[in-house]
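Undergrad: Sequence:
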Amino acid sequence: MNTIEKVITRFAPSPTGNLHIGGARTALFNWLFSKNQKGIFLLRIEDTDIQRSKNEYYEQIISTLKWLEINWDEEPYIQSKNVESHINVANNLLKNGCAYKCYCTEKELEEEKKLYLERKIPYTYSKKCRNILENITNKPFVVRFKSKIEGKTILKDLVQGDVEINNNTIEDFVILRKDNKPTYNLSAAVDDYQMKISHVIRGDDHKINAFKQIQVFESMGWKIPKYAHIPLIHSKEGKKLSKRDDVSTVEDYKKIGILPEALRNYLLRLGWSYKDKEIFSEEESIEFFNLNKIGKSPSKLDFDRIKSINEFYIKSTKDEILLEKLIHYSELYKEKIPKHFHENIKVNLSFLKNKSKSLEDIYNNSKYIFSYELKDDQMQKIDKSKLTIIKNIYSLIKKEKDISKDYLKNIFDKIIETEKINFKDLGQPLRIILTGSEYGPAIYDIASSLGLNEFLNRLELFFSKIDKNIKN
RNA sequence: GGUCCCUUCGUCUAUCGGUUAGGACACGUGGUUUUCAUCCAUGAAAGAGGGGUUCGAUUCCCCUAGGGACCGCCA
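Everything in the first sequence is counted per our numbering, starting at 1205 for the first residue and increasing by one.
Hints listed in this document are in silico derivations from the structure and should not be mistaken for laboratory results.
Don't take every hint at face value.
Label pairs and their calculated CB-CB ranges [claimed, not checked]:
no., residue 1, residue 2, range
1, ARG1381, GLY1355, 27 to 33 angstroms
2, TYR1478, THR1220, 54 to 60 angstroms
3, ILE1615, LYS1543, 33 to 39 angstroms
4, GLU1487, LYS1628, 42 to 48 angstroms
5, ASN1614, HIS1546, 28 to 34 angstroms
6, ASP1408, TYR1478, 19 to 25 angstroms
7, LYS1299, ASN1240, 39 to 45 angstroms
8, LYS1504, LEU1536, 34 to 40 angstroms
9, LYS1258, LYS1519, 48 to 54 angstroms
Glycine included, C-beta positions come from ideal geometry on N, C-alpha and C.
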């Protein structure tokens, strides 16, 4: 009887920087695949590089994954807590003759490398310590894995297809450092085995490592997991993403007000597709996700697309939830929105979010409500020949105590007719006066969101500023 | 340089050898709208090049070109 193997995937970032956008996609794919297969998704923190690993990055990665709502099962697995086990495996390998001690100094290796380079021979370690039989006790050493010298290995990659490689291109890689600490390829293999990982889904850049790790599995007689190497994400220019791009980490998107569900949807469709479908709910993405529809070629980031998807999600988020997100966003990245404005923003969200592609846009659109300021450069954009008209409007509204749309429309229409002007001629100065910006919602919406008193206040403030300017 | 991988509109992609090569974003035009935006309509836009295989190739094979990843006692 064959029992169907339980699918267990893992995301294994190293805490040496903020969560990368490519890492987020790797995590997403691992998570989706495991959920699609009714399996388990684990998080493993690969912190064996003590120099570069930092706790703040660990925290950052954890909180960003939570923000993305990519939830792992069980507790995060901390790789450094398992080094004893990794070392044991290395010693086993040593005993079995699958690994050997290498006494070459870094200087020797450098010279070796230089020599190869001069002779234009592709460099792999010369393996000269392979056959040292006696145990040299007074010299520091590393432990190297005895890689296969002959034959070929085929990696049956679930994304890349069959990848064939000559075994002699895989060098005798180090598994234990001089200080007896395990290296990545050893630790990753041992942990994948111990965590019973069934599918290793990771970036294309690890493809060569698969050949190394498979050999460790084989030497130990362990069952080899399945591998899926997904293409990397490139910058707009088609190059590898660098931190200078400003779009390389999840944080970069969070801080301009991209919603997690939008980023997830974007990342899902980047290099993967399901028919013509563009928008996927969480349930749909779990239901439809598969490995064989992942493309083989790297894809470029398209910022317009991210914003467009974000716009969709903003528009389909309920106002009370959107408000919460906006408040939270403003607290994290902007000026905090005072509590007594929350209700006002909420009731006006329908038009504030109308032209917004991000939380940042909504924030900027709403800013006139809670943080009003009429700057001189904006003042200068106001057509002063319309001053009398505006004063006129002011006194009419003050007298009638009415800023309803019907009332405003009525008096605007009359003015437009008698003065022979366009709506724009009075709309534009009014918008600047009321919001401090030449862009923004419709005048009627602005008026109703401000209320009668604030409406009049802002006009009065404007008049007093004008007076002051004239005196000066 | 070596090894491996990739190549459909500007971008993300669809196409189970037979399609007017489809969709989405972005872009152009027109319309709606009391600015901007939204919305609606509409347009332009692609199989890198060359050889095969085949009745037929974007699809399969080979070569060339271009792009990418890796080549650490980093992960």
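Undergrad: For every hint, state whether the structure bears it out.
TA: Outcome of the hint check:
Between ARG1381 and GLY1355 the C-beta distance comes to about 29 angstroms, which sits within the given range of 27 to 33 angstroms. For the pair TYR1478 and THR1220, the beta carbons lie near 34 angstroms from each other, so the given range of 54 to 60 angstroms is not met. A C-beta distance of roughly 35 angstroms is found between ILE1615 and LYS1543, which places it inside the suggested range of 33 to 39 angstroms. Restraint check, GLU1487 to LYS1628: a C-beta distance of roughly 47 angstroms satisfies the suggested window 42 to 48 angstroms.
Under the hint 28 to 34 angstroms, the C-beta atoms of ASN1614 and HIS1546, about 32 angstroms apart, fit the expected range. Range check, ASP1408 to TYR1478: Cβ separation about 22 angstroms, and the 19 to 25 angstroms hint holds. Checked against the hint of 39 to 45 angstroms, the C-beta distance between LYS1299 and ASN1240 comes to roughly 41 angstroms, which is consistent with it. At roughly 28 angstroms, the beta-carbon separation of LYS1504 and LEU1536 lies outside the given 34 to 40 angstroms, and the hint is violated.
A C-beta distance of roughly 39 angstroms is found between LYS1258 and LYS1519, which places it outside the suggested range of 48 to 54 angstroms.
Checked against the numbered hints listed earlier, the structure breaks hints 2, 8, 9; every other hint is satisfied.
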